[in-house]
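Chemist: Spelled out, the chains give:
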Amino acid sequence: MKRKMEPVDVVIVGLGAGGGPAAMVLSQAGYKVVGFDKGPWLRPAEHYSGDELKYQNRSYLWPDVDLMPRTVRSDDQSVAEIFNFSPVPSNVGGGTSHMAGWTPRPRESDFIFHSLHGDLAGANLADWPIRYEHLEPYLTKVEWTYGISGLAGADKGAAFRSKDYPSEPLPPTRFGKKFYEGASALGINAFPLPMSHLTEGNALGRPAVNRSSFWNQYGDPTETRSSVTTTFIPLALATGNFEVRADSFVRHVKVDRQGRATGVVYVDNDGVEIEQDARVVILALGAIESARLMLLSKSARFPDGLANDSGVVGKNATFHEYLFAVGLFDNERDEPLNGWTGNYQSGGSMHFYETDESRGHIGGGIIATTQTGQPINMILPGRPTWGQAMKDADRSYFSHAMKIGFILQDMPQETNRVDLDPTVKDAWGLPVARITNRPHANDLAMSRWQIDKNMEILQAAGATRTIPVYLERFTGNACHQQGTVRMGIDPEKSVLNEWGQAHGVDNLFVLDGAGFPTALGVNPTLTIMANSWRCSDYIAQTHLRGRADRLELPNTGEVRRQEPK
Amino acid sequence: MISKADWEEVPGTIDSDSDEKLFFSVHEWDTIDAAASRIIPTDADPGAHEAGVIVFIDRYLSGIEFNFATAAGGGFLQMAGKDAVAARARNANMQRLYRGGVKELDRIAGELGQQSFKSASADVQDQVLEQLSGSPKPAPISLDSREVFHSRLQGNTDDGMPFFPTLCLHVRQGFYADPVYGGNKGQVGWRVIGFPGPKCLRDTMDGTYSTAEYFVQEYDWSELIPGFKASGG
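Protein chains in written order, with the numbering used here: chain A, 1 to 565; chain B, 566 to 798.
Hint data in this document are derived by calculation from the structure and do not stem from the laboratory. Only a predicted model underlies this, so the values are computations on that prediction, with no experimental measurement involved. Incorrect hints may appear among the rest.
Derived EDC-like pairs (lysine to aspartate or glutamate); straight-line CA-CA distance at most 16 Å [to be verified]:
no., chain 1, residue 1, chain 2, residue 2
1, B, K702, A, D392
2, B, K647, A, D277
3, B, K794, A, D164
4, B, K647, A, D66
5, A, K254, A, D270
6, A, K4, A, D268
Please take these sequences and the hints and turn them into a complete structure.
Modeler: Take a look at the structure:
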């Protein structure tokens, strides 16, 4: 007999960017909520510090590849190999514990990619079942609850916003200033990217962000970075309705004979298997693990995996490969740029975000100038690996290099997907996620064009040599995951409706990036949090009150009403 | 099972001047120290030998006790549970890799007419490393190069690499990691490249260590962003 816990209203699996807002909204609405995370609940002030070896080389925060492996292959004919693909920290806070914290808003065009571009050969473009205006109030709520700094009006193509940012951005770093100079010389609109932190005198009255420069991939011991563990989770706990169960691995979502979710089965830190029943099950493990859990949760009603009547679960995965160009400056002539300073990015642009087909591709992504890193792992492609040449390179360029990065908006393809590996198992004995992924021609063209443009900006800023880092294959190095459980109107072609609610299982919701039908050209975290908040409002105000509603799409004038059950 | 959040903290630091060997034999210690001195040579500035890289590597290889410093740097975390099991298995592989690597260095040195790697001249040691790596000794970065690269995963674990790249990575780590791990003695590695790192890890936890002075102090958004006008207030 399995142990059984007292039933609750809502279980949330995964306490990162998707689970955090859901925990807050639903517990504040008065529902009893239990949140699970596979990993530990680390205490920032006690566990985190600026230890480069520990974070960048010994993976203190990242999933241990031997305990939680993933496998990757480029197509169905290749054998998948174990690889730490898209390593998002497996702990309470998830990706918000290590992220650099770019939190730009998406634009209107992101939601209507298929309407704008039609069918792109080899891709599976789709419109979202929501529009920017449905998300806008929630983007604002997140900016003011989570805490995001930015400079309203500086991005000339930005979509409508109902409220200013609660905080000014940080000053530029020296390499940031160079970026503005290079962009300005080429007529490119650069601006301080919205970031997950606040500065002095912010409207929320929070302490200003730490400036130790140990930032991207590090946990923040000062708790001044906006993260799920410093915002949504404390707010949820304050209601008295929310409980965190860390170190608890959810291995299965249970369904009854009618196919409604009844709760989850999890394994606690002592290896004991326990059942937790609930009226609503929310998955927010990240697009890879949410799809994996659904595929693991087979039942008589769902032999191909939970809510997978369409066969779409796991498909159309997108991963935003991070590409960049590095510029080397003259260490005798030029002032130091100090690429190890700052809170990772220090100035970006969405100038090339919207489609211009004269570039040879559709869509576009966000660029930003970013740290070249601390001493052990300083980013200098082609750096000599040993001998006098290495020592000389370190001395010459540690403070005289800069980098302009690019978040690739990869096109969804049905064949790019997550499924269960037939042989490799994790430390709990369950099949791991297998990623099949090959770049679309548009991905290759877009990234090549943009990295070449980044090199032009570096040259305009005074770089002596520019070094391109192009796309060849996906490594998951952006740690962004989207699309595996896509939202849509048509139950034949999508898994979730506009509320993140499974078409076939009305009390199952997926509230991470898995629902994104297209990848966005911006970092996904802000949109994940805003969309989770929006859908959680629906769960609290409509679904859990025994009602159902559908969303009107103003662009089409289409109104759809769901028949009550 | 103890959660990662509750791993025990074992106080104590590593003395980078120590010649006590926790993993290496005397011969292995001297061989790896010699190889490290070719990977980051001593010139007008200190190199791997002066930074105590050999102590860093010896402690790392000795087990899993020195994998993770405590956040404040006063000791080390006692790994537990599944994490410890996985780390121990990797450590055993790493020990085998190094034991074999030292033998390989001596074998190649022998082919070049030397008694051992450590007793060979610096030039011959470089030849051995060239043979071991299968490539010529790296040339200086050229500002005229048009070389192109492709994306890779961030983070640099030492999983699954052959001996020589593993050694190069570890020497680099021992030269530049926080001194709590036994290398970068007196922050000598940081001084070589001009990194004003924190005095100790504790200083990074509460804002004591700040790089605010390296940000641009005088700036005006409307100058940096042509066409942008700051809204009043």
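Chemist: Give a verdict on every hint.
Modeler: Verification of the hints:
Note on B/K702 and A/D392: the hinted pairing holds, with a Cα-Cα distance of about 14 Å set against a maximum of 16 Å. Among the hinted pairs, B/K647 with A/D277 is inconsistent with the structure: their alpha-carbon atoms are about 28 Å apart, more than 16 Å. Note on B/K794 and A/D164: the hinted pairing holds, with a Cα-Cα distance of about 14 Å set against a maximum of 16 Å. Among the hinted pairs, B/K647 with A/D66 is consistent with the structure: their alpha-carbon atoms are about 10 Å apart, no more than 16 Å.
This hinted pair does not check out: A/K254 and A/D270 have alpha carbons roughly 22 Å apart, beyond 16 Å. A distance of roughly 12 Å separates the Cα atoms of A/K4 and A/D268; the hinted pair therefore holds under the 16 Å criterion.
When each numbered hint is compared with the structure, violations occur for hints 2, 5.
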